[in-house]
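Asker: Protein chains in written order, with our numbering: chain S, 1 to 410; chain A, 1 to 258.
In short, the hints are calculated from the structure, not lab data.
In silico DSS-like links for lysine-lysine, alpha-carbon gap of 25 Å or less:
{"hint": "1", "chain 1": "S", "residue 1": "Lys-297", "chain 2": "S", "residue 2": "Lys-226"}
{"hint": "2", "chain 1": "S", "residue 1": "Lys-17", "chain 2": "S", "residue 2": "Lys-32"}
{"hint": "3", "chain 1": "S", "residue 1": "Lys-297", "chain 2": "S", "residue 2": "Lys-201"}
{"hint": "4", "chain 1": "A", "residue 1": "Lys-231", "chain 2": "A", "residue 2": "Lys-128"}
{"hint": "5", "chain 1": "S", "residue 1": "Lys-297", "chain 2": "A", "residue 2": "Lys-64"}
{"hint": "6", "chain 1": "S", "residue 1": "Lys-76", "chain 2": "A", "residue 2": "Lys-185"}
Listed here are the chains, written in short residue letters.
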Amino acid sequence: MHLMYFTEQPMSAYDAKAGLDFGATALMFSNKHFDPVAGSRLYNEYLEHYKLAEQVGFDGIMLNEHHNAPFCMQAKCNVFASILAAMTKRVKIVLLGNPLPLAENPVRLAEELAMIDMVSKGRLVSGFVRGGGQEQLATGVNPAFNRERFEEAHELIVRTWTQEGPFRFEGTHYQHRVVNPWAVPLQKPHPRVWIPGVLSKETIIWAAQKGYPYIALSTEIEATKKIWQLYDKVAEESGHSGGPEFRGYLQRCHVAETEEKALANARQFMWMQGEFTGLAHPVWSSPSGYFSPAMRKAFVEYAVGRRSNPRGAAFEDQIANQQIIAGTPKTVIPKIRRLLEETRPSIMGFWSSDGFVSAADTRTCIKLMGEEVLPAVREIGKELGLWSPFEANAPTSRAFPQPARPADEV
Amino acid sequence: MADTTWTSETIPLASGPLHVTRSGSGTPLLVLHHDIGSLERLPFYDALAQQHTVLVPSHPGYDKSERPGWMRSVRDIAVVYQALIAEKGLRDVTLVGLGFGGWIAAEMATMAPRGFKKLVLVGAMGLKPEHGEIADQALLSYIDYVRLGFADQTVFDRTFGAETPVATLEQWDLNREMTFRIAWKPYMYDPSLPHLLGSVDTPALVVWGRKDRVVPLECGERYAKTLRNAKLEIIEDAGHYVEMEKPDALARLIGGVK
Numbered sequence: 001m002h003l004m005y006f007t008e009q010p011m012s013a014y015d016a017k018a019g020l021d022f023g024a025t026a027l028m029f030s031n032k033h034f035d036p037v038a039g040s041r042l043y044n045e046y047l048e049h050y051k052l053a054e055q056v057g058f059d060g061i062m063l064n065e066h067h068n069a070p071f072c073m074q075a076k077c078n079v080f081a082s083i084l085a086a087m088t089k090r091v092k093i094v095l096l097g098n099p100l101p102l103a104e105n106p107v108r109l110a111e112e113l114a115m116i117d118m119v120s121k122g123r124l125v126s127g128f129v130r131g132g133g134q135e136q137l138a139t140g141v142n143p144a145f146n147r148e149r150f151e152e153a154h155e156l157i158v159r160t161w162t163q164e165g166p167f168r169f170e171g172t173h174y175q176h177r178v179v180n181p182w183a184v185p186l187q188k189p190h191p192r193v194w195i196p197g198v199l200s201k202e203t204i205i206w207a208a209q210k211g212y213p214y215i216a217l218s219t220e221i222e223a224t225k226k227i228w229q230l231y232d233k234v235a236e237e238s239g240h241s242g243g244p245e246f247r248g249y250l251q252r253c254h255v256a257e258t259e260e261k262a263l264a265n266a267r268q269f270m271w272m273q274g275e276f277t278g279l280a281h282p283v284w285s286s287p288s289g290y291f292s293p294a295m296r297k298a299f300v301e302y303a304v305g306r307r308s309n310p311r312g313a314a315f316e317d318q319i320a321n322q323q324i325i326a327g328t329p330k331t332v333i334p335k336i337r338r339l340l341e342e343t344r345p346s347i348m349g350f351w352s353s354d355g356f357v358s359a360a361d362t363r364t365c366i367k368l369m370g371e372e373v374l375p376a377v378r379e380i381g382k383e384l385g386l387w388s389p390f391e392a393n394a395p396t397s398r399a400f401p402q403p404a405r406p407a408d409e410v
Numbered sequence: 001m002a003d004t005t006w007t008s009e010t011i012p013l014a015s016g017p018l019h020v021t022r023s024g025s026g027t028p029l030l031v032l033h034h035d036i037g038s039l040e041r042l043p044f045y046d047a048l049a050q051q052h053t054v055l056v057p058s059h060p061g062y063d064k065s066e067r068p069g070w071m072r073s074v075r076d077i078a079v080v081y082q083a084l085i086a087e088k089g090l091r092d093v094t095l096v097g098l099g100f101g102g103w104i105a106a107e108m109a110t111m112a113p114r115g116f117k118k119l120v121l122v123g124a125m126g127l128k129p130e131h132g133e134i135a136d137q138a139l140l141s142y143i144d145y146v147r148l149g150f151a152d153q154t155v156f157d158r159t160f161g162a163e164t165p166v167a168t169l170e171q172w173d174l175n176r177e178m179t180f181r182i183a184w185k186p187y188m189y190d191p192s193l194p195h196l197l198g199s200v201d202t203p204a205l206v207v208w209g210r211k212d213r214v215v216p217l218e219c220g221e222r223y224a225k226t227l228r229n230a231k232l233e234i235i236e237d238a239g240h241y242v243e244m245e246k247p248d249a250l251a252r253l254i255g256g257v258k
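For reference, chain A alone in the conformation it holds in the complex:
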């Protein structure tokens, strides 16, 4: 794999400053991270940058983007990202939403039913499961919650350290606080989203880890059924964090979508 150089900038949107890292060239991919935030770099991001211009913003109030005190919903973030796309003059954007970021991507797609090149939802939150539950981080320690998202705990150890540094825990706490501010109740879904998803014409790829213990697979099935033009891919040995457990497989699935 070729060396990938990443740059970062803080973009002063009217709604507040937004921290964005970018790399690669080609058609733009907007990668939307999990509720736990994201490491600066991941092998998955590097793999995507081989074929695309990859933009990874820190959601408002997460990681390096400062907290907008006014923000009250996940849909607010979706609107902010529409503004980011307009501000940067991006066209033919593919949205790659990971977990919580998948919920944001789904909301964005409902706002512009033909506005995106492709919609990729990976273990996306946003829909209420009919049978199971979305794992509630409010009842779990920072470490237990993140570990729950891995089918293979050695990947957690390798990625975050078997003895996770306090600085990481503090960042997870800040990110969790922001998640509470915008997704506390109902927790991790939007009752109006299923009614709006049916208008989305954008070709969609829904990816789920078979061993996802954070968001039940039934949510993936429902996304695939409700979106007009969607395909469901299940990755056998992955949990919720497919991009950390199976980065190449996921990047191949996305890269294959022209």
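This is chain S alone, in the form it adopts within the complex:
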């Protein structure tokens, strides 16, 4: 198994009442509420947590990015990836991921990722995402071409990594006279690409066709099984077998010394889901052209307030269906076993805390995970035959069947 530590890097140090009064904490919620003193403290705390996660035995650190919202302080995952590349020694740096459509110059992104891969000595896993709905607005990128830009930027980046330059690229959304960056990844054929997602069938199908692992983000167990059914079906049609090494699962999991404390802290996972202040806005989060056409009716009704968020569920329901796991190591391990038995992923991300959980409680959570939970999960993984892409020497992709390795180890 490949076990990752994750935090959204919440910026909870702002006036919660201001968010509630405004009715949304995304896009148009004024950044006058951003406190750079708290921001500086929090960034440095998060770096300490990453360092601790490596010390206690996590295999990877998962990073992401969002824009114009307090629920995530990372505006550029490559910045933290760069810091971790130098600051850590062993963990994989797993970006889930760079929002490709937001890039006006994917070649620059390919360069940055190549630099991170070299500095980290080949520890980069470079996931790609479409970006959230509000991010299209925050960055001025046309939501109607989101998926086209995603696919085209991906093609350009993989070519930039794998094809000797200089070459010319004439796409629909990207045109480059000269592609010839003097930075290429250390890993060959190229760093592994994992594709995270929540809901869109199109992304699952695309990942399966490319032969990239798909990382289900906090979906409930039954929905996750349906994802794998679709993934494996498309994988088979595309000529590979699917199975555990193509499956990743991120789940919220808070561990504490007592059940009561774990549950109280886990309630903070509702923070970014709007129960306290992390309020999404139905129009900004689903601009026209961004969501799957098959979901048009649901999103249109959501946008005018006639339906709840197609992505939302109550805290109690999320505890019951294990979208949120909380407890002591002893009670959490069987719950994780259930997730693994039912959905059989080989890549597992643990989103350990959110909202106002204190730095001390987060450190305790990371330590308890490392000392007690991760060793048990590894044993369960072995018992269930859940071999990660690294353990299974899985192909990098359908197009590049060689397993990714640093060039000095090939």
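Once you have looked at the hints, place chain A on chain S.
Answerer: Coordinates of chain A only, in the frame set by chain S:
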């Protein structure tokens, strides 16, 4: 008012099929609808059809005209309509552009400075306001955006239903998506348009609702100033959707232009 019969057809242009409804007789009026699309029939269209041959196309990618995936600008639509006029052999055409359709009409006029009988721009987008802003639908719900265009909300209720049907919302979403595809950035104006408008010799009538909260009146003033031969008419109790709020007044203004 006499009964008006409307027919519709899909015209196979080289650029893609175009859905057009028509009625009436007399000199042709090409009516270009808003970014939200248009209902099949409006009292305003009926009023125009009393004196004119009225053609109301669905813009490419809007309502009943299928989406041309290649299209990238509002000027592309203007070119498609020049092809429609040629295809149907229409002469002495008056362009009536409503809001977003006004932008298309203005672009068409710049392509043929003496090619039209008359240019009517109603609350037209297309020019960058110097002081205010054009309301950005990307930040507004489907209903809020359309309501913003009405000075009198009871007209919205009567036209679209106080509880707007989901099918209408879905169509507004499809139309909004098409608008994003061709007018996302810069939003709702063309920086080159003011430099081209000055050559337009076609007699122009610029109509603005005093209470237009979608496109500021200053844009109407600028259109009237920049076009060579234009007159500005302001309708006091109307918002952006003058043709739905004051159909008879607007039809009279247009009908009076011979």
